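Peer 1: Those protein sequences? They're chains H and E, same order as listed.
Counting along the first sequence from 1, when you hit position 364 you're at 363 in numbering that gives the first Met the number 0, and nothing is skipped either side.
Counting along the second sequence from 1, when you hit position 121 you're at 120 in numbering that gives the first Met the number 0, and nothing is skipped either side.
A hint or two may mislead.
As the list claims (entries may be wrong) - In silico DSS-like cross-links for lysine-lysine, where the CA-CA straight-line distance does not exceed 27 Å:
(1) E:Lys346 <-> H:Lys310
(2) H:Lys310 <-> H:Lys208
(3) H:Lys310 <-> E:Lys348
(4) E:Lys346 <-> E:Lys190
(5) H:Lys208 <-> H:Lys403
(6) H:Lys217 <-> H:Lys206
(7) H:Lys370 <-> H:Lys310
(8) H:Lys451 <-> H:Lys430
(9) E:Lys248 <-> H:Lys310
Just so you know, these hints were derived from the structure itself, not from any lab.
Since the model is a prediction, treat every value here as computed from it, not as a measurement.
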Amino acid sequence: MTTRSKKTTASAKPRARASKPAASKPKVAEAAPAPAATKREAKRARRADLAAEPAVVAQIRELEAQLDRLIDEASRHDLSSLDAEDDETSHEEAEFDAEATLPVAQVPHRATPVAPKAAVQPEAVAAAAPAPAPASASMIGSFGDTQVSLPSAHGSAAVPPAPESVFDTARELLSSDFYLRKWGRLAMRGRSEEVDDFGFDPIYDAKLKPMLDFLYTKYFRVETYGIGSVPTSGRCVLVANHSGTLPLDGVMLKTAVKREQGDGGAGGANGRDVRWLTEDFIYHMPFLGGAMNRLGAVRACQENAERLLAKESLVAVFPEGVKGIGKLFSDRYRLQRFGRGGFIKLCLRTGTPIVPVAVMGAEETNPLLFKIEHLSKALGVPYVPVTPTFPLLGPLGLLPAPTKWRIQFGEPLDLSAHGPEAADDEILVGKLAERVRAAIQGMLDRVVGSRKSVFFG
Amino acid sequence: MVLPKRKSAFPPPPDRRTTDGDGASPRGSAAELPQEASREPSRDLARGSRDALGKAPGRVVTVTGAASFLGTNLVGLLEEDPRVSRIVAIDIKPPQTAQRKTRYYEVDFTQPTAEARLSEIFAAERTDTLVHLAFLASPSHGIAVAHELESVGTRHVLVAARHAHVRKVVMWSQTVLYGATPSNPNFLTEKHPLLAPTSEPFYADKIEAEAEMARFAQKAPGAIVTVLRTAPILGPTIHNYVTRYLSRKLVPTMMGFDPLVQFVHEIDAIAAFKLAIDRDHAGVFNIVADGVLPLSTVIKLAGRFAVPVPHPLAQTFGAAMWLAHMSEAPPSFMTHLRFLCVADGEKAKERMGFRPAYTTREAVLDFTSAQRLRDVKLLQETPA
Numbered sequence: 000m001t002t003r004s005k006k007t008t009a010s011a012k013p014r015a016r017a018s019k020p021a022a023s024k025p026k027v028a029e030a031a032p033a034p035a036a037t038k039r040e041a042k043r044a045r046r047a048d049l050a051a052e053p054a055v056v057a058q059i060r061e062l063e064a065q066l067d068r069l070i071d072e073a074s075r076h077d078l079s080s081l082d083a084e085d086d087e088t089s090h091e092e093a094e095f096d097a098e099a100t101l102p103v104a105q106v107p108h109r110a111t112p113v114a115p116k117a118a119v120q121p122e123a124v125a126a127a128a129p130a131p132a133p134a135s136a137s138m139i140g141s142f143g144d145t146q147v148s149l150p151s152a153h154g155s156a157a158v159p160p161a162p163e164s165v166f167d168t169a170r171e172l173l174s175s176d177f178y179l180r181k182w183g184r185l186a187m188r189g190r191s192e193e194v195d196d197f198g199f200d201p202i203y204d205a206k207l208k209p210m211l212d213f214l215y216t217k218y219f220r221v222e223t224y225g226i227g228s229v230p231t232s233g234r235c236v237l238v239a240n241h242s243g244t245l246p247l248d249g250v251m252l253k254t255a256v257k258r259e260q261g262d263g264g265a266g267g268a269n270g271r272d273v274r275w276l277t278e279d280f281i282y283h284m285p286f287l288g289g290a291m292n293r294l295g296a297v298r299a300c301q302e303n304a305e306r307l308l309a310k311e312s313l314v315a316v317f318p319e320g321v322k323g324i325g326k327l328f329s330d331r332y333r334l335q336r337f338g339r340g341g342f343i344k345l346c347l348r349t350g351t352p353i354v355p356v357a358v359m360g361a362e363e364t365n366p367l368l369f370k371i372e373h374l375s376k377a378l379g380v381p382y383v384p385v386t387p388t389f390p391l392l393g394p395l396g397l398l399p400a401p402t403k404w405r406i407q408f409g410e411p412l413d414l415s416a417h418g419p420e421a422a423d424d425e426i427l428v429g430k431l432a433e434r435v436r437a438a439i440q441g442m443l444d445r446v447v448g449s450r451k452s453v454f455f456g
Numbered sequence: 000m001v002l003p004k005r006k007s008a009f010p011p012p013p014d015r016r017t018t019d020g021d022g023a024s025p026r027g028s029a030a031e032l033p034q035e036a037s038r039e040p041s042r043d044l045a046r047g048s049r050d051a052l053g054k055a056p057g058r059v060v061t062v063t064g065a066a067s068f069l070g071t072n073l074v075g076l077l078e079e080d081p082r083v084s085r086i087v088a089i090d091i092k093p094p095q096t097a098q099r100k101t102r103y104y105e106v107d108f109t110q111p112t113a114e115a116r117l118s119e120i121f122a123a124e125r126t127d128t129l130v131h132l133a134f135l136a137s138p139s140h141g142i143a144v145a146h147e148l149e150s151v152g153t154r155h156v157l158v159a160a161r162h163a164h165v166r167k168v169v170m171w172s173q174t175v176l177y178g179a180t181p182s183n184p185n186f187l188t189e190k191h192p193l194l195a196p197t198s199e200p201f202y203a204d205k206i207e208a209e210a211e212m213a214r215f216a217q218k219a220p221g222a223i224v225t226v227l228r229t230a231p232i233l234g235p236t237i238h239n240y241v242t243r244y245l246s247r248k249l250v251p252t253m254m255g256f257d258p259l260v261q262f263v264h265e266i267d268a269i270a271a272f273k274l275a276i277d278r279d280h281a282g283v284f285n286i287v288a289d290g291v292l293p294l295s296t297v298i299k300l301a302g303r304f305a306v307p308v309p310h311p312l313a314q315t316f317g318a319a320m321w322l323a324h325m326s327e328a329p330p331s332f333m334t335h336l337r338f339l340c341v342a343d344g345e346k347a348k349e350r351m352g353f354r355p356a357y358t359t360r361e362a363v364l365d366f367t368s369a370q371r372l373r374d375v376k377l378l379q380e381t382p383a
């Protein structure tokens, strides 16, 4: 504790001194472009503008009076009623924020009304600058120059003033900070600023959609049957067979539901988003885990699945797991053991219907001749596949063969008759798991039996 | 952890309180000042009514590690709380926010006499609530001192607390102790064991401190024990290893890995402690912001370049950097750049009524806007 702080005190002193001359030139701050006009900063600037108008001030006051009343009531009532009111106000706040009209109601959001005193909020400093008594809550750290610099920064956020001379422009262009800010904006192109709880990124998904559509329509020429079994709302678990060395079936299943549900194909693509559960090992490997997460994959575990179903999502599971994708070519279309029936327990506990799904065609994309398991520990993969092409042609050999795919959705299986306590009945769970397995195996046998060619269907 | 922000002698200048004003309104502009005055009576009335409801009018809150970031701010908050009659600040140097209600005691937890000394202080001050914040916020090279402070120090504090019959103990812990592993569920609840590798002293000491706390809860069944596990704290004024990592021009990441990360804004973290002091919530709580972001998005929002490093290489490289005092954290923190360690804040929301005001993204943006000013030396700051 001591050693560290002393050291840093000493080292930071010259830095503080060096900052003074820079701070005495507020022109630099004004000339600098709006610090990457994020929505948040724009909002702040607007807020500052609004405060100047009397009509808006009146509105703000009214809101603050309302807020006071809420605080008074809350302090009189017990904890439970406070919570209810908190909920209401936070909803209110969400609306305000959405319209960006008067984002004043931020205070009730916090459980303790005293909290904002704690730290310096930049906007508070900016707004308070004209006031005679600077209200920079100096508890946390002396903000010193903040009052000089911040208003100018915010002013420029509203109306970016043109650089005054060539030197200003040059200085700006020579500062690394300028490029870092630009880079920050530029680099956010292909990604969303906000992802959902499991990392699904709608912008990234939209970016990759043409590629997935190509795979779906041109490469694998997927035919989908029985999409009507997939409910258009509410929680549901799709249970599918797993195959193909590379976990491509999850992505294709997601694309199938997205495209076929809704206005019935024709590239309408307004179906539901499928969140499919993947094995752990893709998170051990570089590159794969991050990309899959952004497309909507979720690591398979009970907690995650429950959380997804609690949000009424459409979840796809592959109960065979690694045994499924790592099945040899000679075992193709023969379903492996369905884990320990975890998905059945999950559905029983949450009262979720099951839709069995048979994916045909994925088995032949990378026919697995045999597996090398000695190297798996060192490489962090469950096995090293040997396909007709893989170690031979290098990474290129992992390209899937353009087989013809069929995805068949079966009749939904409603488990609500059993009730949540049935999840502890191992015998029943086993029976139900077997029933789902038999349903998928039956569909697979039928579809595979009617197929004439692996590549042309 | 310790933030020596000002060399001003203790006590601080008396005008602090007046300049602070009623900080509850984030926009304390001149136009609103008269209204502020009119608001005061009603709030006092409300406070009075609450006191009349049976809360003891004068509570004594003891804060250990009072000069740390959280400690300084909590002392400042408690100074303005009429329900708290006295604040006992314990650290090796006085908190800068101390005013007339605060009594400062210099106690070094690494000394063997700390236990007796603390016990005396608790008894003499009739401590009602003990807030134990004497932990390092960032990994340190002084492993031995850190162990004495965190693990042994926590034992000293808790033995003294049991001896003095302290009614409530609130302890700070962190969600990084859950450990980042590829088999983590996306949201770790409080029931999840603390699996961070104990080969790293930063984790080991804090896990030991939590174990001490669990033992204390067993031995002193009357006491209310609250443990607040905060996600990495981020904000415009705090300094820790996360802010230092994100304020590098070139931010090293693990090639091919992009875990979801989660932060909590400094205001929310402080508010959570205030909440735990104000009301009694026994148990362990994750204090986290809403929402998660991929690490790469965080770095880009902060306007930095990510430098992907292959992870087998990064281990040795990172160890060398740490030995050379050139990195923020030892190589054992690199698992957090590869795998998920996100905690579930649902329990704190339901049981404590904790509502984070900032999402993870907003916390990052708030940090970034301050960091940008620091980058161009427009934000003069005191060292941390």
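Peer 1: All the hints need checking, so say for each whether the structure fits it.
Peer 2: How the hints compare with the structure:
no.: 1; hint: E:Lys346 <-> H:Lys310; verdict: 17 Å, holds
no.: 2; hint: H:Lys310 <-> H:Lys208; verdict: 24 Å, holds
no.: 3; hint: H:Lys310 <-> E:Lys348; verdict: 17 Å, holds
no.: 4; hint: E:Lys346 <-> E:Lys190; verdict: 11 Å, holds
no.: 5; hint: H:Lys208 <-> H:Lys403; verdict: 20 Å, holds
no.: 6; hint: H:Lys217 <-> H:Lys206; verdict: 18 Å, holds
no.: 7; hint: H:Lys370 <-> H:Lys310; verdict: 39 Å, violated
no.: 8; hint: H:Lys451 <-> H:Lys430; verdict: 34 Å, violated
no.: 9; hint: E:Lys248 <-> H:Lys310; verdict: 39 Å, violated
Hint check: violations occur at hints 7, 8, 9; the rest are consistent with the structure.
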